[in-house]
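These protein sequences, in sequence, are chains E, S and F.
If you count by my numbering, then the first sequence holds residues 12 to 246, one letter each, in order.
If you count by my numbering, then the second sequence holds residues 1488 to 1938, one letter each, in order.
If you count by my numbering, then the third sequence holds residues 225 to 572, one letter each, in order.
Keep in mind the hints are simulated off the structure, nothing from the lab.
Incorrect hints may have been included.
[Claimed, not checked] Here are a few chain S residues that face chain E, going by a calculated C-beta distance under 8 Å: (1) ASP1519; (2) SER1526; (3) ASP1531; (4) LEU1545; (5) SER1700; (6) MET1701.
[Stated by the list, open to error] In silico negatives: residues of chain E with every beta carbon more than 12 Å from chain S: (7) LEU111; (8) ARG114; (9) ARG167; (10) THR216.
Predicted model, so just to flag it, every value in this text is computed and none were measured.
Yeah, the Cβ is synthetic: ideal placement off N, Cα and C, and Gly gets one too.
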Amino acid sequence: MAEGRAAWLLRPEGLVDYDVANEAMHDLARRRLADEIPDAVIVLQHPPVFTAGRRATADELLWDEVTVAARGGAVRRIDRGGSFTFHGPGQLVAYPIVGLGSRPDAAAHLRRLEEVAIRTCADVGVAADRRADVQTGVWVGDDKICAIGVRLLRTRVTLHGMALNCDTDLAWFDGIVACGLPDRGVTSLARVLGRDVPVAEVAPTAVGHIADVFGLTFIDPPDDVVRPFVAAAVA
Amino acid sequence: MTSIQMPQLGETIVEGTILKWLKNEGDEVKADEPLFEISTDKVDTEVPSPVAGTVTKLLVAEGTTVPVGTAVMEIDDGSGASGNGSSAPEPAAAVPAAETPAAAPAQPPAMGASAAPPSPAPQVQPSGQPAPAPSVTMPDRGPRSNILSPIVRKLAHDRGIDLTTIAGTGEGGRITKADVLAATAAPAASSGTVTPLPSAGPAAAAVMVAPPSMPAGQGEDAQPMSHVRKAIAGHMLASAQQTARAWTMVEVNVDRLVRLRAEIKEKFQANFGVKLTYLPMVTRATIDALQQFPLVNSRLDGENIVTPRFVNMGIAVSYDAGLIVPVVKGADGMNTVGIARAIADLAARARSHQLQPDEVQGATFTITNPGPYGSLVSVPIINQPNAGILSLDAIQKRPVVVEDDAIAVRSMVYISMSWDHRLIDGELATRFLARVKHNLETWDFAEDLGL
Amino acid sequence: MASTTVESGAAGHGAEPRGKRAEDGQATYLIAVAEALWEEMERDERVIMLGEDIGVYGGAFKVTEGFLERFGPDRVMDTPIAEETIVGFAVGAAMEGWRPVAEFQYSDFMTSGFDEITTVLSRYHYRSGVKTPVVLRAPSGGGVRASNFHSVNPEPWFAYAGGMKIMCPAFPSDAKGLLKSAVRDDNPSLFLEHKALYRRIKEHVSEDAEALIPISSAAVKRAGDDVTIVTYGAMVHKALEAADTLAGRGVSVEVVDLRTVYPMDEETVIRSIEKTSRALVLYESFHFLGIGAEVASVIAEKAFEHLDAPVMRLAPPNHPVPFSPPLEDAFLPQVADIEAAVDRLSAW
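Bound conformation, chain E alone (with noise of 0.2 Å):
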């Protein structure tokens, strides 16, 4: 495998508050859209919260604001394409924050990160794929296993990324229409194998697969990009 480019990874422990990770991730994407840092990727886990993409209407959440926030959620309306999601602890999640040069093919970008999910999938014994007649995204026959939703900054550099289901309860589901689409379920590795899945258990080979496929070698970030995901975990 030759050498990829070099890349921050950064992978805060515990549950990263979903406003500050989005507003960290945000400000890596500002310094990379200016070519001050490289390329860099976020992996954690987050507490449980609704986001809404732009293409989110809002008869897809179907539990109130009220009955989220009593069950210990919160819901977020947020700048990445398409409709709604739920992250919550269970679930990885990958940020790749990557410049896309000068001719951006962001459909190659969400791609990759089907092909990250793919591969991981099937490091645990569960074949998720493409479904290309339905979504992007990946999925275990009818189930959706990982989320994809993604903004460019300017077309060249990438936000937001995937959510791939590990031991997540899947029932936080029942409160949106999940990706805009009624009729298809979700399902995780857990439910799919029938045992504990942690992330933990799955992150090391996802974030191979990420360095792999997006042709990534990993390196340290300096201490002041990884303070603030640390001070902001709540578990």
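Dock chains S and F against the given chain E, drawing on the hints supplied.
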């Protein structure tokens, strides 16, 4: 004046929605300053300005979805003449020429004019208007899917192809000549004319249902498919999707043939100028079986079963560009020597690209011969519109149980057939193969070989 | 072919004496032209030459160096600087049974003899029934930093006059074989040598004095499947260079060299379009009404049903050839322009 287009953010992304204008008419913009927000399936982005200037016109409303390459905004950048500015990432799809009428920079009418000469630049003027919309209604598969070029119309007409079943791979979804050839042609597409499939419909469409793009990454190389490769791909996929393929195999004792060949091969070559292989003998034995069971030699035409009273034997030949199936016409009138010479001639000319178009058309049945490469068992795809394809695999010495339960070493071969269950049933397929086996095990080829 | 190489043009710069081929037997375009003239002078004593400074000086580009010594002042004649007179003299000599070959220092100056060429030379046979086997030779074309009095491509003007055959070869072999055919042809002809090629293109050229290239026959200089480039003259070499690069990207380009621009070999062009279905017409004469405009019309008229995309043209604007090197580069089609045009054509 620079016209800003909906950018292409990847080959598979064909349209985008204007979510929000970040600049309004009259606003000043700097180069690379975000102009508007767009949303495509799963990807949202802000689109930066390729130039500095003043926004003069918003051409579509917020919330509108337009094809990639559509002009959505105009910016006066002081350049005067209108040019196509792509928004930052160079959209691969250019605006069709028709959308910028009269925009070409005017050339000076005469050299003597006193005005300063305009900056000279080579002129490329593509196209005038796109071809007029066809009389048939084409399905909307892209902004240019209803443009049919003269050669596409001609090929469709000559070959009786329904163009509505073909999804174009050209810019904006246009059906190209290559698409028509790939969707309909036999492997010989590059040599010009080929027999159209009985129905190009579902197969042709299916060829175009591409999986999501996974472009070559690090350590991978990408090469465009050759025309021949595309033609083979279209033909094979069409067959796989249009036939109800089943498969049957028999094992044949060819001990006598092996000994006969060893004995006479030098003499045969001296007499007839071609090498003696097993293929002509198997072909001869197969022709006899086809005559016994004409349905195996038939084809479907709509709801009719067409049964030729002759055998045109297709022989699959691999060559540098791929696979081609030259046809031994009137093979039922030939003895084994005639078949051997015809196959040798066609194969040699196939490999030197000298086949005539009519020499790769009209097969009523096909034989493929992967044996020389060591294959023991093959499951070939049927050469449409044939009802079956017979595979001759490698001859091997194997221990076999002979009379009186003794075990002996014999030259054996597996001969199998992929057959179309729409036309043939298992009993017929098996009896047909049994006949081929019987012929090969009992015939005295020495006489047929003229020796 | 580097378009930035400067050739000083007129007299005396790096000239090679006639007949001197490279040690490996290869001949430059200039040597090929000189050999053709020499051999035809040897073969037929009715062949005479006239022009400004062609005798004692050996010609502006030194094509005729040594001819005066070999063939004498009756057959190698220096003339005054008077192009109209040169043409008139040649027409008169032809009527008397000679076969004159007249040289112009630059094709830009042919228009000084415009009336004699277009109303006398081109029509005299029609008018009188007397044959006028005259060849007018001239260095043409740009790309050598010679500005707008030394860079024109005059072929459209004279093709429009009718009655004259016009050749614009791209290779030494074609130049030699075509010039010999022109000298032997009983019709008047213009033989336009591309000055940017004189010393820059070299190849093995037949030494057989009877190796002729037929007039009005185009040649496929590179076979391909996806796009045809129809071109002539110096642009042939740029087209071939672009075709090499494009092949690396999987685009197979066929290059058709017209060699004779009038009367044109339409059949070779059409046969190529039948194969590729896509045509780029590349030419160095002006875009509007240039030679390529006719090529595009022929394709549209006679190969319409084989087209999978509009016929495209790539040519300089109708504008004086600029002197500034960057402007001249922008004015003339470059290899990158050709690649871009082929890309657009194949994506259409």
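Structure-based check of all given hints:
1. ASP1519: holds (7 Å)
2. SER1526: This interface hint holds because 5 Å falls under the 8 Å limit.
3. ASP1531: holds (4 Å)
4. LEU1545: violated (19 Å)
5. SER1700: With a closest approach of 6 Å, the SER1700 of chain S hint holds.
6. MET1701: MET1701 of chain S check passes; min Cβ-Cβ to chain E is 5 Å, inside 8 Å.
7. LEU111: violated (8 Å)
8. ARG114: violated (6 Å)
9. ARG167: For ARG167 of chain E, whose nearest Cβ neighbour in chain S is about 7 Å away, the distance does not exceed 12 Å, so it is violated.
10. THR216: holds (18 Å)
In this structure, the hints that do not hold are numbers 4, 7, 8, 9, in rising order.
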